[in-house]
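Visitor: Sequence:
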Amino acid sequence: MPLAHHVACKPVSSSCLELLIDRFGTGCLTHGNGRGQTPVHLAAQHQDESWMELVKEKGGRGCLRIAAKNGETVAHFAAMNRKSNSCLKWLVKELGSDCLTVPDEDGDTAVHLAAQHQGIESLEWIKRQIGTDCFRLKGDGDRTAFHFAAQKSDNSNAEVAGEGARQRLSHSS
263 MPLAHHVACK
273 PVSSSCLELL
283 IDRFGTGCLT
293 HGNGRGQTPV
303 HLAAQHQDES
313 WMELVKEKGG
323 RGCLRIAAKN
333 GETVAHFAAM
343 NRKSNSCLKW
353 LVKELGSDCL
363 TVPDEDGDTA
373 VHLAAQHQGI
383 ESLEWIKRQI
393 GTDCFRLKGD
403 GDRTAFHFAA
413 QKSDNSNAEV
423 AGEGARQRLS
433 HSS
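Under my numbering, the first residue of the sequence shown carries the number 263, and numbering increases by one thereafter.
Simulated from the structure, these hints should not be mistaken for lab results.
The calculated EDC-like cross-link candidates involving lysine to aspartate or glutamate, where the alpha carbons are at most 16 angstroms apart (straight line), are:
(1) K345 to E311
(2) K355 to E315
(3) K414 to E383
(4) K389 to D360
(5) K331 to D366
(6) K351 to E383
(7) K320 to D284
(8) K272 to D310
Label pairs and their in silico Cβ distance ranges:
(9) R390 to V274: 30 to 36 angstroms
(10) S275 to K400: 39 to 45 angstroms
(11) G322 to P273: 24 to 30 angstroms
(12) R323 to K345: 20 to 26 angstroms
(13) D360 to K414: 21 to 27 angstroms
(14) L265 to S359: 29 to 35 angstroms
(15) E386 to R297: 28 to 34 angstroms
(16) Q391 to T292: 24 to 30 angstroms
(17) G393 to V274: 35 to 41 angstroms
(18) G369 to H268: 26 to 32 angstroms
(19) D284 to D360: 29 to 35 angstroms
(20) S359 to G322: 17 to 23 angstroms
(21) S275 to R323: 20 to 26 angstroms
Note that beta-carbon positions come from the ideal geometry of N, C-alpha and C, so glycine has one too.
Please model the entire structure based on the sequences and the hints provided.
Guide: Structure (structure tokens):
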């Protein structure tokens, strides 16, 4: 694993990544590992929005739009951040809410992954951003955000996803 990838995954200050960028150039931000994941992807998954701000400042907005080999975007990785939804919120502010519904090659979106990996607050926030229909988008194996939420060990997100289904049913009756 290249050093910048390693640093992006560790609980260290963003100044460590900044030093690597200053030493090796912004190319270290866009260098993919074997799966095409860049330090930007990994920072979105493991760090807070201050890392995203640094990436944008040093590498430009283009660094935020890079997809891994399987089509997963930086927003997909931010949706898998179990510590905080701050990167996901920051990315939506920077890139627009469309980044939440971009499918990877399996059809999974950041909405699907947030339902599986983040708390109920994230789903409530997503609902306020783009409505409840996003919870019905089909991903890998025709699974929706409801399915992903049900995979959480505590099932805490199933309630919000279910609310979207109830709203949809009440509008169709």
